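**Student:** This is what each chain is made of:
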Amino acid sequence: MSFYQILKQASLNIFSNKLRSFLALLGVLIGTSSIVVLITISEITYIESLKSFKEIGENYVKMDYFDESSEAEPLVLDDLVSLKKLDVIEKFVPYTRSHNTFVHINRAKINVPLSGTTPEMKEMLNLEMQEGRFLNIIDANYNSIVIGSKVAQKIEKEIAGSILGTVLKLNNQYYKVVGVLKDKKRNRYLPFDINNIVFTHANALISNTKTSLTSMILKISDDPDAFEKVKKHIVILLQQNSSKYFSFFYSSEVKKNLEKMNTMFSGFLFAIGSIALIVGGIGVMNVMLVSVSERKKEIGLRMAIGANQMDILNLFIFESIILSFIGGLVGVIVGIFASYFIVTYFLKVAFMFLLFPCTLGFLFSTLTGLFFGIYPAYRASKLNPINCLRES
Amino acid sequence: MSSLIKIQNVSKIYKQGNEIFKALSNVSLDIHSGEFVSLVGTSGSGKSTILNIIGLLDSPTIGEYLVDGINVKKLSKNKLAKIRSNSIGFVFQQFILLPKYNAVQNVCLPLLYQGYTQSQAQSKAKSILDKVGMSSKYFSKPNELSGGQQQRVAIARALVASAKIILADEPTGSLDSKTGDGIISLLKDLNEEGKTIILVTHDNSIANNCPRVIKLNDGRVV
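Order-wise, the sequence lines are chains A and B. Just so you know, our numbering puts 101 at position 101 of the first sequence, and the rest follows in order with no gaps. Just so you know, our numbering puts 183 at position 183 of the second sequence, and the rest follows in order with no gaps.
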């Protein structure tokens, strides 16, 4: 019997048992769509995190340290001069962890996270100005501040006018607004939410409030040992100032881990999806076994009029393949829509169509159909035609 | 003239648990091309077993069976399916038409297993349906046909692949006597055209009308 004929006869049977066929392919549909959804979402999440990485770039190091002794001398910019001599460091920017301070305007109390840093911060984080200018060297001796766009908006709402040039009272000191930063998308690898920060020069802040530099961002060279060298140097340097705890974030290393995690996670999600699909496949097998025992008479007749075992085997295998093919196809479509919905409304990032999860889900569903169809079809082909024909 | 069907000292023994049941014992039988034979006997006499052996659905436990001079003993299942497909047509008491297929599709089925294309098979099926008097019912499903009409479709299906041998197992058993007579006379017409017909029946009036009657009792030819 030709391929086309087998296909036709197999589909005829599937479509004449609509409800049962639908229930059988429902399992495959759910399994396939879970594979598509899980892998699509994991890939999109991964691509999104890579985007954040791209922004901060390779060889980016963030260092924080914590000093628990209260009598310790605050760390100031001059203490870090020796870092400039280290050739594996391309550039670095120290800063103080942002500290919540409040501005009182009219009756409003506006939170201003204040961080002291140096003019190099602009270049390091690729900051752009909406108005005014960023900090410069001279600001070391003046109380100048540069404000994030959200903070600026909140204050401007109260003062009803442009914030540039105004003077704000923070921690009993007066600071002049010299610039407003342009809006920037949040990036979880940056130490600040750029829209919600107020920068002042570290020198000014330290002399005003006796805070200490707590952190720095460094751009290091491509040298594979660069990170270890920098880490060692900083630890030695800062321990002279009796600082105790260090934490380092090294983008290249974290990215490597992220890649590893993604591979593992995708594999894990695929395994979960596969379980759903295998359950669906068992559903197909169940339906096919029922179908075989119900159609013994037909099988006996087909054998009597000249079908050989292969013909019977093919007929039933094709039925289960068609079932899971349709289940897989619809499952992929449902999966695409479901992941679009989840990505857009729950993860709130841009959806992108990825071919890989769809191909994987579809391929795997058809294979499941083939696999779980073999046993019922084999049983059908081994039936004794005399017993089959005697069935009533 | 050599026999079309040659059964030599055939016994068929079934084992069910510890019990041994002898369905046929030492049966020898020759049927020539163009004969019209009826097999009669009470239920359990072995007439169905012998029909199954002739139809290559079953094989003898002991003894030889030659169809058209070929000893089928050592043939593979696929080879047997091929001979069934080319030389033997079955007609059953319960008709056994596929319920979702119309008359033409049912009749086409043996041809499709022989590798005919859809269109070749259809035109052949239609001409055979014309021959058995079913030209107006090409596209009727079995549940739209009467018993006699269904049996005519089933006969068409047995004929369509140009089988030399028609094996009819109680073909009138589910029909009223008038419709049954129509079927018998159709089989007689086919016999006159040269088909070898082997008819299993327990209806003596039908058997007595046949040129040759083989009577079986307790697994033996009487």
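To be clear, the hints were calculated from the coordinates, so they are not data collected in a lab. Treat the numbers as computed from the prediction; the structure is a model and nothing was measured. Possibly wrong hints are sitting among the right ones.
Here are a few chain B residues that sit away from chain A, every Cβ distance over 10 Å (derived from the structure) [stated by the list, open to error]: (1) L112; (2) Y138; (3) R220.
With a cut-off of at most 20 Å between alpha-carbon atoms, the simulated EDC-like pairs for lysine to aspartate or glutamate come out as follows [as the list claims (entries may be wrong)]: (4) A:K91 to A:E253; (5) B:K100 to A:D79; (6) A:K297 to B:D58; (7) A:K210 to A:E58; (8) B:K100 to A:D64; (9) B:K77 to A:D311; (10) A:K229 to A:D79.
Beyond 10 Å from chain A on every Cβ pair, some chain B residues (computed) [unchecked claim]: (11) S43; (12) K73; (13) A81; (14) P110; (15) Q114; (16) Q122; (17) S136; (18) S146; (19) A161; (20) G173; (21) R212; (22) K215.
Backbone N, C-alpha and C define an ideal beta-carbon position, used for all residues, glycine too.
**Student:** Look at each hint and say if it fits the structure.
**Tutor:** A quick look at each hint next to the structure:
Against chain A, the non-interface label of L112 of chain B is violated: not every CB pair exceeds 10 Å, the least being about 5 Å. No beta-carbon of chain A comes within 10 Å of the beta-carbon of Y138 of chain B; the shortest separation is about 17 Å. The beta carbon of R220 of chain B sits about 21 Å from the closest Cβ of chain A, which is more than 10 Å, so the claim that it is off the interface holds. For the hint linking K91 of chain A to E253 of chain A, the alpha-carbon distance of about 19 Å falls within 20 Å, and the restraint holds.
Taking the CA atoms of K100 of chain B and D79 of chain A, the gap is near 90 Å; set against the 20 Å cutoff, the hint is violated. Distance restraint check for K297 of chain A and D58 of chain B: the Cα-Cα separation of roughly 16 Å lies within the 20 Å cut-off, and the hinted pair is therefore satisfied. A hinted pair counts as satisfied when its Cα atoms are at most 20 Å apart, and K210 of chain A with E58 of chain A does not qualify at roughly 34 Å. Of the pairs offered as hints, the one joining K100 of chain B and D64 of chain A is violated, with about 76 Å between alpha carbons and a cut-off of 20 Å exceeded.
A C-alpha spacing of about 12 Å is found between K77 of chain B and D311 of chain A, which places the hinted pair at or below 20 Å, so the restraint holds. A hinted pair counts as satisfied when its Cα atoms are at most 20 Å apart, and K229 of chain A with D79 of chain A qualifies at roughly 18 Å. Consistency note on S43 of chain B: stated as away from chain A, and its beta-carbon is indeed over 10 Å from all of that chain's, at 13 Å minimum. For K73 of chain B, the condition that its CB be more than 10 Å from all CB atoms of chain A holds, with the nearest at approximately 18 Å.
In this structure A81 of chain B is not separated from chain A by more than 10 Å, as the shortest Cβ-Cβ distance comes to only about 4 Å. Distance to chain A contradicts P110 of chain B as a non-interface residue, since its nearest Cβ pair spans about 4 Å, not more than 10 Å. Not every beta carbon of chain A lies more than 10 Å from that of Q114 of chain B, the smallest distance being close to 7 Å; the non-interface claim is violated. Residue-level check passed: Q122 of chain B sits 12 Å from the nearest beta carbon of chain A, beyond 10 Å.
A cut-off of 10 Å between C-beta atoms confirms that S136 of chain B is not in contact with chain A; the least separation is 24 Å. With a least CB separation of 20 Å from chain A, S146 of chain B remains clear of the 10 Å interface cut-off, as annotated. Some Cβ of chain A comes within 10 Å of the Cβ of A161 of chain B; the nearest lies about 7 Å off, and the non-interface call is violated. Here G173 of chain B stays apart from chain A, with its beta-carbon at least about 13 Å from theirs, past the 10 Å limit.
The claim that R212 of chain B lies off the interface holds: its Cβ sits roughly 24 Å from the closest Cβ of chain A, which is beyond the 10 Å cut-off. Distance check for K215 of chain B against chain A: the nearest CB is about 23 Å away, which clears 10 Å, and the non-interface claim stands.
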